[in-house]
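Peer 1: First to last, the protein sequences are chains S and D.
Just so we're aligned, residue 1 is where the first sequence starts under our numbering, counting upward by one.
Just so we're aligned, residue 1001 is where the second sequence starts under our numbering, counting upward by one.
Hints listed in this document are in silico derivations from the structure and should not be mistaken for laboratory results.
One or more hints might be untrue.
Simulated crosslink set (DSSO-like; lysine-lysine; CA at most 27 angstroms straight-line) [to be verified]: (1) D:K1521 / S:K36; (2) S:K7 / D:K1217; (3) D:K1516 / S:K5; (4) D:K1060 / D:K1471; (5) D:K1541 / D:K1382; (6) D:K1432 / D:K1272; (7) D:K1359 / D:K1490; (8) D:K1471 / D:K1213; (9) D:K1213 / S:K7; (10) D:K1192 / D:K1432; (11) S:K7 / D:K1225; (12) D:K1423 / S:K5; (13) D:K1225 / D:K1477; (14) D:K1170 / D:K1192; (15) D:K1490 / D:K1471; (16) D:K1516 / D:K1060; (17) D:K1225 / S:K36; (18) D:K1318 / D:K1435; (19) D:K1471 / D:K1272; (20) D:K1225 / S:K5; (21) D:K1170 / D:K1142; (22) S:K7 / S:K36; (23) D:K1499 / D:K1353; (24) D:K1272 / D:K1192.
It should be emphasised that the depicted structure is a prediction, and the values quoted were computed from it without experimental measurement.
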Amino acid sequence: MAERKPKVLVLGIGNILWADEGFGVRAVEAFHQAYKVADNVTILDGGTQGLYLVHYVTEADYLIVFDAIDYGLVPGTLKLVRDDEVPKFTGAKKMSLHQTGFQEVLSAADLMGGYPERLALIGCQPVDLEDWGGPVTEPVRAVIPQALTVAVDVLREWGIGVEPRAPGEAVPPLLENDIDFERYERRAESASLSA
Amino acid sequence: MTIQTPNGFNLDNSGKRIVVDPVTRIEGHMRVEVNVDENNVIRNAVSTGTMWRGIEVILKNRDPRDAWAFTERICGVCTGTHALTSVRAVENALGILIPENANSIRNLMQLALQVHDHVVHFYHLHALDWVDVVSALSADPKATSALAQSVSDWPLSSPGYFKDIQGRLKKFVESGQLGPFKNGYWGSKAYKLPPEANLMAVAHYLEALDFQKEIVKIHTIFGGKNPHPNWLVGGVPCPINVDGVGGVGAINMERLNYVTSIIDQLIEFNDKVYIPDIMAIGSFYKDWLYGGGLSGKNVLAYGDVPEHANDYSEASLKLPRGAIINGNLNEIFPVDHTDPEQIQEYVTHSWYKYPDESKGLHPWDGVTEPHYELGPKAKGTKTNIEQLDEDGKYSWIKAPRWRGHAMEVGPLARWIVGYAQGKAEFKEPVDKVLKDLGLPTAALFSTLGRTAARALESQWAGYQMRHFQNKLIANIKNGDSATAFVDKWKPETWPKEVKGVGFTEAPRGALAHWIKIKDGKIDNYQCVVPTTWNGSPRDPKGNIGAFEASLMDTPMADPTQPLEILRTIHSFDPCLACSTHVMSPDGQEMAKVQVR
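Please model the entire structure based on the sequences and the hints provided.
Peer 2: Have a look at this one:
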């Protein structure tokens, strides 16, 4: 039997309208801008879809999740959690706006018989989850490049090919219509200045 | 002391106070406080959304043509419905028309979302209020099979199938992680199903989880991607190229046939799984007819699913439109979103400030200025509320009213309006459910009625999808492939100052966005969402909101296990994410259930 390539999902979750809660989506957006992946890798902006993401998870053999997680650490601290440890963290108190914690998505995937073989959660300690309409805070924004490096290392360790994009390569954006990171934040700041 | 509210409820807050916080298995964060009498019957109810809403602030000065993309992010549940409401508001303001194909495609997307949301809500958020998952472990798979085959000819019904499901569930429960089932009050006396019905429901829980992914493929096909499909002011963003083969993003015959097959599947799922499950559950709970609240008095529906493009009149809308007051089904009042006297939001009991709080404001003139203070009788502190004072400000949700009346919105409200209009497509299925369960019409005004109306609507929506799919294909075959009108796309063609309103029926009820556009940019944007209607606090006259009304006079089997409260609140499919924003300023964790 020919060896099947593992299906990989790189997922960002959270709400971009809600300050540091947007970390996960902004990280996966930046990952997509910066790296080229093979076609067995799916890059997904999961937003606050909660349980609606379960089939993406059951279809994945390997899963990387970017999310803002309250670990009680210094804001802007990145923490990589792997495999069996992941559900313990994604169920942490006050994970996010979406009450269906990602832990429940993983449990549902398990119950459906589609739990990923390998898991990595790249979490970032938020500064502010409650500033509706506010920007991602500086400590969290600053750590996004490092979060991407962590993801690349994990993927390579799993034997998944990932290459930096050529400088100036045109990339179809993951988020459009003024909600991409740059435009969203620029407007948010100028709006708060004029308020 | 008992106080009678103008909308006819007798409130008595002298008994034991029970605090449920947070209410689980909903989108967003909410809290409920009730007082029970010596027989554990609810005599006073206070519902609060502990978050602050602020999309108005985010959208100020942005391009109106992009507003849908922001509103789609407000919450994870009715993404597409907010987007549709937003493009309609902008089109209404600017007088932009859409082609017939775009109308059919938008209806298909909206109805797909309706079915998806109803199925997921029932099986994954609400069924556990009726179904005791742990009891399913003691079911006899053979008897379960006999039960399943007696209610439906759905093929997945053999003893071996249920035995396998039971085995998976057993392994899962024994592993100690209850996962999606962790917030249940398993073993409570308030559960009434026999083990076999519980096992059948658990099997369908898993099937629905698997099936829901097919439904959203309709959004991927017409919206380009999912989650977060694309929308467009002036039409829909997908071009039609009926002879094309594998064209990127374009709708061709192969894709249309795929949509048709998904519609066939979802109709079958509704007919053979969802509806029979509701009837089976209903037959065991038909003497539990609490939770009606406002539904028997005041209901409001905006209407949706226009048969003809650009015609939002009552005659064109397939989901009914109108308001019913004081339970008089013989009179249906017309609803006008632009009339400043009709829809108004009050903040007397909400954490906002108005210059004159005895008056309500129409959303075009809406003001969202937070003002957080607790009433004098509240217990605890601003950052750790032990008990709310409902005489003061107590919620981050505003209180919208229609001509001064608190209204219930949602599937039950829509079906009551349709029933009152005497439309066969609404009246006949309702009468059949009531007849099969041996219940009078009044039984419709209940938690069970709300849950049944949602299932009937899912079924109705499936057949409407088939209608619009056929209409779309016929129109394309006639040579019309237009999906967008772009003649007013450029802001240079717009008037200097305009305003508009867009409305839809979101899965959980009437939704509208009001927009003011000035010099090509958004000047004011106000959303009044379904959970703002249903979850509203009291108003200056003392009318209680729909959630609060629905809890009144319900007996609780055990106040430390507020299953009845969750069952009724969940029956509204509440979504706090868009009606409100984050909890108290410090966002502290609060206790689950406290009895005081």
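Peer 1: It remains to establish, for every hint, whether it holds in the given structure.
Peer 2: Status of each hint after checking the structure:
no.	hint	verdict
1	D:K1521 / S:K36	36 angstroms, violated
2	S:K7 / D:K1217	19 angstroms, holds
3	D:K1516 / S:K5	52 angstroms, violated
4	D:K1060 / D:K1471	38 angstroms, violated
5	D:K1541 / D:K1382	26 angstroms, holds
6	D:K1432 / D:K1272	16 angstroms, holds
7	D:K1359 / D:K1490	39 angstroms, violated
8	D:K1471 / D:K1213	25 angstroms, holds
9	D:K1213 / S:K7	18 angstroms, holds
10	D:K1192 / D:K1432	23 angstroms, holds
11	S:K7 / D:K1225	19 angstroms, holds
12	D:K1423 / S:K5	55 angstroms, violated
13	D:K1225 / D:K1477	25 angstroms, holds
14	D:K1170 / D:K1192	21 angstroms, holds
15	D:K1490 / D:K1471	31 angstroms, violated
16	D:K1516 / D:K1060	10 angstroms, holds
17	D:K1225 / S:K36	20 angstroms, holds
18	D:K1318 / D:K1435	25 angstroms, holds
19	D:K1471 / D:K1272	26 angstroms, holds
20	D:K1225 / S:K5	24 angstroms, holds
21	D:K1170 / D:K1142	17 angstroms, holds
22	S:K7 / S:K36	16 angstroms, holds
23	D:K1499 / D:K1353	24 angstroms, holds
24	D:K1272 / D:K1192	23 angstroms, holds
The structure does not agree with the numbered hints 1, 3, 4, 7, 12, 15 stated previously, though it agrees with the rest.
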